[in-house]
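**Q** Letter by letter, the chains look like this.
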Amino acid sequence: MSSPEPRVLRYVDALREAVDQEMERDPSVFVFGLDVDDHKSIQGSTAGLLARYGADRVFTTPLSEDAMTGVAIGAAMAGLRPVHVHIRMDFLLLCMNQLVNIAAKAHYMWGGQVKVPLVVRSMIGKSWGQGAQHSQGLHGMFTHVPGLKVVAPSNAHDVKGCMIAAIRDDNPVVFMEHRLLYNTESAVPAHPYTVGPGESRVCTRGDDVTIVGISNMAQEAIRAAELLREVGVTAEVIDPIWLMPLDIDTILASARRTGRLLVIDNGWMAGGLSAEIVAAVAEAAGPSAGIKFARMGFAPTPCPTSPWLEDHFYPNPGSIAARAWAMVRPERERWVPSAESAKLAYQVQFKGPF
Amino acid sequence: MSSPEPRVLRYVDALREAVDQEMERDPSVFVFGLDVDDHKSIQGSTAGLLARYGADRVFTTPLSEDAMTGVAIGAAMAGLRPVHVHIRMDFLLLCMNQLVNIAAKAHYMWGGQVKVPLVVRSMIGKSWGQGAQHSQGLHGMFTHVPGLKVVAPSNAHDVKGCMIAAIRDDNPVVFMEHRLLYNTESAVPAHPYTVGPGESRVCTRGDDVTIVGISNMAQEAIRAAELLREVGVTAEVIDPIWLMPLDIDTILASARRTGRLLVIDNGWMAGGLSAEIVAAVAEAAGPSAGIKFARMGFAPTPCPTSPWLEDHFYPNPGSIAARAWAMVRPERERWVPSAESAKLAYQVQFKGPF
Amino acid sequence: MSVNGNIVEDEAHRLYRALRRIRRVEEVIAEIYSSDKIKSPVHLAIGQEHVSVSVCDCLEDGDWVGGSYRSHAMYLAKGGSLPGLMAEMYGKDTGCCRGKGGSMHIIDVAAGVMGSSAVVGSQVPVAAGYALAAKRAGEGRVVAVFLGDGATEEGCFYETLNFAALHSLPVLFVCENNGYAIHEPLAKRRARPGGICAVAEALGVPATRVDDGDLFRIRDAATSFVTRMRQGGGPALIEAVVYRWREHVGPNEDYDGGYRPLSEALPWMEADPVARVGALLDADVRRKVNEEVEAEITEAVRFAEESPVPRPEELYANVFA
Amino acid sequence: MSVNGNIVEDEAHRLYRALRRIRRVEEVIAEIYSSDKIKSPVHLAIGQEHVSVSVCDCLEDGDWVGGSYRSHAMYLAKGGSLPGLMAEMYGKDTGCCRGKGGSMHIIDVAAGVMGSSAVVGSQVPVAAGYALAAKRAGEGRVVAVFLGDGATEEGCFYETLNFAALHSLPVLFVCENNGYAIHEPLAKRRARPGGICAVAEALGVPATRVDDGDLFRIRDAATSFVTRMRQGGGPALIEAVVYRWREHVGPNEDYDGGYRPLSEALPWMEADPVARVGALLDADVRRKVNEEVEAEITEAVRFAEESPVPRPEELYANVFA
Ligand SMILES: Cc1ncc(C[n+]2csc(CCOP(=O)(O)OP(=O)(O)O)c2C)c(N)n1
Ligand SMILES: Cc1ncc(C[n+]2csc(CCOP(=O)(O)OP(=O)(O)O)c2C)c(N)n1
Ligand SMILES: [Mg+2]
Ligand SMILES: [Mg+2]
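Each protein sequence line maps, in turn, to chains A, B, C and D.
Residue 207 in our numbering sits at position 207 of the first sequence; the count goes up by one each step and never skips.
Take any residue in the second sequence, count from 1 to its spot, add 1000: that is its number in our numbering.
Take any residue in the third sequence, count from 1 to its spot, add 2000: that is its number in our numbering.
Take any residue in the fourth sequence, count from 1 to its spot, add 3000: that is its number in our numbering.
Some hints could be false.
[To be verified] In the EDC-like style, the derived pairs of lysine to aspartate or glutamate whose C-alpha atoms are separated by at most 16 Å in a straight line are: (1) Lys-40(A) with Asp-3256(D); (2) Lys-343(A) with Glu-226(A); (3) Lys-2288(C) with Asp-2093(C); (4) Lys-3288(D) with Asp-3010(D); (5) Lys-2188(C) with Asp-1056(B); (6) Lys-2037(C) with Glu-2247(C); (7) Lys-40(A) with Glu-3253(D); (8) Lys-40(A) with Asp-3254(D); (9) Lys-2037(C) with Glu-2027(C); (10) Lys-1040(B) with Asp-2254(C); (11) Lys-3188(D) with Asp-247(A); (12) Lys-40(A) with Glu-3247(D); (13) Lys-1040(B) with Asp-2061(C); (14) Lys-292(A) with Asp-207(A); (15) Lys-292(A) with Glu-1283(B); (16) Lys-2188(C) with Asp-1038(B); (17) Lys-1040(B) with Glu-2253(C); (18) Lys-1343(B) with Asp-1311(B); (19) Lys-1292(B) with Asp-207(A); (20) Lys-1040(B) with Glu-2031(C); (21) Lys-3188(D) with Glu-283(A); (22) Lys-2037(C) with Asp-2256(C).
Since the hints were derived computationally from the structure, they do not count as laboratory data.
Treat the numbers as computed from the prediction; the structure is a model and nothing was measured.
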């Protein structure tokens, strides 16, 4: 058999394809949320679904995130498989009660009599003045709560496989996307496949330092690893993909081997997922492993809008590489790659307003 | 001058006194929330305030946690000092949007033009079938968010000082109480005093292990330290009191000295405050410090109601002591104190329904 | 079949049994309570049972009900397992939630009880979600969700009504207005205490208020709404004015609390629907029902007492499906 | 002073200046936008300016206003600093939020602008909090909060109205109903699209709907509500039906998007309140206003362009007060 060129898709199209294939396969799947059926179709991620599946299965909602989440939960308990879409993760703060007090607990507190096969899609915003209320990565709040699964695919391949896995999962899954990843491309098989709960990916092999990059920080970490290679440092970049359940074993094994663990979160550090990863590894490895730890994430501030401030709010390939260098070569002089070389292609492309 | 017997008060009365003294001092302070003005007066913690200060400053609300939080924020920005009361911390999930998207960010995103001197009181429930929706310690969600302060006083002395400090603070403070602490007593000065942001307390001195106990887990850790002393292990118990800002330096110094850090949280572990403390110490101390880490907290499940299950959901003096023992004497046989000796006086007292 | 007023006797028989059974179950729970065998916050519906009974009387097996922490009546009226409820109160492994829910979270999927939730108002949108699924299935199923007057003050109540009306969902909102949320009277919480139906109507949900505790009026309203609903007529709301006889939570009365006088309760007690419906029956028939009910309850209590406690490892079961 | 209809000319002069100024500020922002100097999501109020202008016309210096991400008009109408706004759009240190808020979060405490928020509906209860403080102070201050039709679907809207009515708070809810939330028409979101005022009334908040975009009718309604409010009369709601001329976010028109036809917009454009009020003035007077407005805007843009950018360490300032 001939082996054709792999098909390359954008993140947004892979995401759309996953939902499309699942809706085709299973009539109990439906998609709803503000604007899923308009001409912009959530940046294109729900494009065509209305035409294919009709308004019963693809529909917008009132601006009522709290109740709409309850509706999704009820529909899920009654046997449907809702995909509930929010254009920003920040708005999940309006439905924390339903997500945490009902969705996460339903199966348990009702003695296993019901299950909640619900996918909650939400996007993280970044740059072009998104600001304090349109930029938050709140996965740390969700991974904290037993009963919720959380996933943050960082590339087109994984977003398709994770979405299919999330839809098929019998539990509530918080599905975290990133606006700046939407146009990034990778090889995406045409057939349905899953990247299931607990799967992670070792993106680059290396011996000097383990770098864990969460959500789009996986991409930034890969770029940082390239920069580091130029100065003779090899980094093992791990994309956890699923944040809950988390494949801590892969991270632990790598950190044991490299002796250095740098976790880059796409959110705040204090008591977030970066803390969990460091703590879990520190606890499991014990002092004899001699692992050195560091974390990077959002600055401990709300996100400012001015580009001159926002630039300093996020880790980027340059600051990640510099931090890794300092961990690996503490005796040597500080090294910071040039700003130009540290840019990511997808960051350069993005232009506002949204 | 003679030094009279110190005055002993219950937690609930010390809390009430703090609010009373601040209301007396500053007419801009007011107290509101469901049931603050009824005959049960939030387990007595708001008793007498209505009679003293009138319905303009002590009033109940509709069941509208979200909007009421917005009202508190607006009133605070306009110059008042609200104390907003919730009988369970679980209900804060209904006002996450206002707390995280407005209160935490107002000062920053509006360029310093406004401030939000707001105190949000809430109580953690435990035992007598509180169950999944009436027992959560959600402080980990709040310490995660820049712009919020969080405090969890574990005794009558601190609850008074922390409340006075919280009311005088110009920032939103999430004030976490614990139902089972309400009847515990300690020496409480009659005059107003503060236990301010960042203050922590070393409760017992010890050389073998550092135990950090959060909220009522500080009490359980102290009891565990007593049990450990009987078997020749000395534990340094630290009560962080303020969770944000957190006095990590005291914990770090102690852990460096004992070489062992056991953090007991009154909430879930994954990406919570226990993770933050371990991660922060691991990062700052470095591998050369050779510190051994462990965490305990709620079981990674929703809280069940049956006493036979709930018993295993929480750390207790026995399980804490056993864990510390295993850290200090890994070569020795496992040791678990008897169930009877591991009980806390205040746990025995409590009787439902609420 | 003899007729008393409009009510055919075997109907009265059925309704009385349901009412009496719920009343007695809760009275027995209250009696057991002082033994500390039930370590669960109980919110008794004594005095309000007829709302659940009348609404569930016009529901079918395939229909769904959901509600709040005060849901014993709804659960039993819809056919939820009594031994399962009793064992759940005892925290036993045979409880309807296997000891993980307690009094405030009860469920019986086989009987169409979709679960009760202890966060006020939180089951209201969930019920609309069931109704969305019911509408999609197109089999004429309906959902009834029971809520207190306090729950109508939560944002999700309004949000849900609007959505239910927008999508013509087959969901009946049953507001049991007992005038209090814990100890706070409606007038301290709602600017227009009498405006609950007006709010529903403004949101597009037809509403009826029954202010005299009459079981048959409530049932008539429910019947006509439900009939319309099965044919795609969309949601409706019934506001049933009732009175809570016992304290908000716990087994006792609390007329000494100062927040409400006994005199306020007396007219309601005099018009007790259990007694009123019972009076429609011959004394012999009534006595027989009473005996059967007592026997059933005795058996349920025995079942609960003798059931095994959950094994410790059950703590970790059912976090994920 | 000559009279045109009921409107005295210096009033028309004042109103026209306010309208024209806001219109031109936003048009200039739209022009600058393609240069990428303004890296901020702009939600223009072009076509809706008259609501802010008419409401703020009956407010006093000590009164407060708050609103959504679409708040340039409100901010300017209440007297917010134009250079501060422009510099904020540019992300400069001299911006009204020192570059931390951008277009969606603007504030001018000195002018009584309490801030705008980008989470739909979130400023509504905050405004009620200001009103609570105003009521306590007893100096007759009032608060106006501007919100879209979409915001009326959020739970906190209903919760806030009930609370405001319960406490007779001096807060005017100004709903700018432009018929869309992003691209979704009201009929896809509200079961009773015409029922916003009915909901308010059911919650105890008197409400008036002005459906023809008439600035003076809006102002009359606001004046009578605000007057009553200053005397303790409690909250009120105005629903002003308006039309958004540009795309939801961004500088352009979007009649090619397919979700609404240009024909829907044309009647609104023909009845443009800026032109209508301008027509009440002599051409000379109007020209002079126009010139003054242009000069002020040019100066504000120059100020923004020449202002320094924030220093990096500013990132860490103002997390806590
Ligand atoms: C969201 C939320 N807020 C507050 C509470 C505390 N609480 C428990 S029951 C109750 C009263 C509810 O009143 P109502 O809805 O009228 O029901 P009733 O108890 O009268 O049946 C309150 C405030 C809660 N459980 N959930
Ligand atoms: C809570 C919340 N949900 C969703 C959004 C996304 N969003 C931004 S503007 C908007 C439309 C709001 O419509 P409306 O209130 O009518 O105001 P308009 O834009 O028409 O002025 C939406 C849904 C948001 N910002 N906040
Ligand atoms: Mg009630
Ligand atoms: Mg609109």
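**Q** For each hint, tell me whether it holds in the structure or not.
**A** Hints, one by one, checked against the model:
no., hint, result
1, Lys-40(A) with Asp-3256(D), "holds (12 Å)"
2, Lys-343(A) with Glu-226(A), "holds (12 Å)"
3, Lys-2288(C) with Asp-2093(C), "violated (32 Å)"
4, Lys-3288(D) with Asp-3010(D), "holds (14 Å)"
5, Lys-2188(C) with Asp-1056(B), "holds (13 Å)"
6, Lys-2037(C) with Glu-2247(C), "violated (19 Å)"
7, Lys-40(A) with Glu-3253(D), "holds (15 Å)"
8, Lys-40(A) with Asp-3254(D), "holds (11 Å)"
9, Lys-2037(C) with Glu-2027(C), "holds (15 Å)"
10, Lys-1040(B) with Asp-2254(C), "holds (11 Å)"
11, Lys-3188(D) with Asp-247(A), "violated (43 Å)"
12, Lys-40(A) with Glu-3247(D), "holds (12 Å)"
13, Lys-1040(B) with Asp-2061(C), "violated (42 Å)"
14, Lys-292(A) with Asp-207(A), "holds (14 Å)"
15, Lys-292(A) with Glu-1283(B), "holds (7 Å)"
16, Lys-2188(C) with Asp-1038(B), "holds (11 Å)"
17, Lys-1040(B) with Glu-2253(C), "holds (15 Å)"
18, Lys-1343(B) with Asp-1311(B), "holds (12 Å)"
19, Lys-1292(B) with Asp-207(A), "violated (25 Å)"
20, Lys-1040(B) with Glu-2031(C), "violated (24 Å)"
21, Lys-3188(D) with Glu-283(A), "violated (52 Å)"
22, Lys-2037(C) with Asp-2256(C), "violated (26 Å)"
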